[in-house]
Amino acid sequence: AQKVTQAQTEISVVEKEDVTLDCVYETRDTTYYLFWYKQPPSGELVFLIRRNSFDEQNEISGRYSWNFQKSTSSFNFTITASQVVDSAVYFCALSPTSGTYKYIFGTGTRLKVLA
Amino acid sequence: DTAVSQTPKYLVTQMGNDKSIKCEQNLGHDTMYWYKQDSKKFLKIMFSYNNKELIINETVPNRFSPKSPDKAHLNLHINSLELGDSAVYFCASSLNMGGEQYFGPGTRLTVT
Numbered sequence: 140a141q142k143v144t145q146a147q148t149e150i151s152v153v154e155k156e157d158v159t160l161d162c163v164y165e166t167r168d169t170t171y172y173l174f175w176y177k178q179p180p181s182g183e184l185v186f187l188i189r190r191n192s193f194d195e196q197n198e199i200s201g202r203y204s205w206n207f208q209k210s211t212s213s214f215n216f217t218i219t220a221s222q223v224v225d226s227a228v229y230f231c232a233l234s235p236t237s238g239t240y241k242y243i244f245g246t247g248t249r250l251k252v253l254a
Numbered sequence: 615d616t617a618v619s620q621t622p623k624y625l626v627t628q629m630g631n632d633k634s635i636k637c638e639q640n641l642g643h644d645t646m647y648w649y650k651q652d653s654k655k656f657l658k659i660m661f662s663y664n665n666k667e668l669i670i671n672e673t674v675p676n677r678f679s680p681k682s683p684d685k686a687h688l689n690l691h692i693n694s695l696e697l698g699d700s701a702v703y704f705c706a707s708s709l710n711m712g713g714e715q716y717f718g719p720g721t722r723l724t725v726t
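Sequence lines, in order, name chains A and B.
The numbering used here puts the first residue of the first sequence at 140, with every later residue one more than the last.
The numbering used here puts the first residue of the second sequence at 615, with every later residue one more than the last.
Hint data in this document are derived by calculation from the structure and do not stem from the laboratory.
Just to be clear, a hint being listed does not mean it is correct.
[To be verified] Below are the DSSO-like pairs computed for lysine-lysine, each with C-alpha atoms no more than 30 Å apart in a straight line: (1) B:K681 - B:K654; (2) B:K650 - A:K177; (3) B:K681 - A:K177; (4) B:K681 - A:K251.
[What the hints assert, rightly or not] Across the chosen pairs, the derived CB separations fall in these ranges: (5) B:T673 - A:D168: 19 to 25 Å; (6) B:A617 - A:I199: 21 to 27 Å; (7) B:K658 - A:D168: 15 to 21 Å; (8) B:E696 - A:E198: 41 to 47 Å; (9) B:N640 - A:S181: 19 to 25 Å; (10) B:N671 - A:E198: 29 to 35 Å; (11) A:D157 - B:K658: 38 to 44 Å.
Since the model is a prediction, treat every value here as computed from it, not as a measurement.
C-beta: ideal position from N, C-alpha, C; glycine also.
Isolated chain A, as found in the complex (with noise of 0.2 Å):
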C-alpha cells in the first residue's frame, strides 16, 4: 500500500525566515515518482517538482531546494528567505511508474508567513 504523511498540519513563519516542510511515504513500489504542489488562497493547484526515485540528487530552484532520501523515505521542501507570497497549503504526492499510476496526495501542510 502507499501512503504519504505530512505530519505538520500549519506552520507560521515571519518573512525572511528558511522553513521546512516534511514529506515522508511509504511504497512498495521500486521505482516511483514524488511530487510537491502548492495550493495558494485562490485555490488553483500549482505543479512544483518531479523526482523520480532513482535519483536522489537535491534540487535547487530559486529560494526553493527539495531533499529526496531514499533511506528514510523522505521528500522534504525547504523554503529560503520566505515571503508572504509562499503562503499557501503545500502537498506531497507520489506516484508509481507502473500500473495505473495512480497519485496519492498528503493531507497537505498550511504555510502562513506573517509580514
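With chain A fixed as given, assemble chain B onto it according to the hints.
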C-alpha cells in the same frame, strides 16, 4: 491561454438534482483526471483516463460518471446529488501517466 479549463466555476444546486462539470485541456496531453477536495483540503483521485480509456475508477458512488469524448475533454456527470457531494472538484491533465499534473481552477459544488 488557459491550459486546463473547467465550467462552471461555481455550482449551487439542490439535493436530488443531476449536474455536469466540463473540463477541457489544450496542452495536447494524453491523460486526464478528476479529483475531489473536501473542506479539510484532502485531495482524492476519482477517475483517470488515458487516451480516452478509463484507467482509474476509485470507489466513488456510481452516481458519478465520467465521459471522455476525446483526449482533450473529460466531463463529470453526477446524478441524484447529495449533501455529501459538496466539495471542490478539480480536473487535471498530464502529458502521460505518471507525469506532473496541470490542474484546472476547480468547480465549487454546493448541494443544499
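Hint by hint, here is what the structure shows:
| no. | hint | in the structure |
| --- | --- | --- |
| 1 | B:K681 - B:K654 | holds, 27 Å |
| 2 | B:K650 - A:K177 | holds, 16 Å |
| 3 | B:K681 - A:K177 | holds, 28 Å |
| 4 | B:K681 - A:K251 | violated, 38 Å |
| 5 | B:T673 - A:D168: 19 to 25 Å | holds, 21 Å |
| 6 | B:A617 - A:I199: 21 to 27 Å | holds, 26 Å |
| 7 | B:K658 - A:D168: 15 to 21 Å | holds, 20 Å |
| 8 | B:E696 - A:E198: 41 to 47 Å | holds, 43 Å |
| 9 | B:N640 - A:S181: 19 to 25 Å | holds, 21 Å |
| 10 | B:N671 - A:E198: 29 to 35 Å | holds, 34 Å |
| 11 | A:D157 - B:K658: 38 to 44 Å | violated, 32 Å |
The structure is inconsistent with the numbered hints 4, 11, although it conforms to all the rest.
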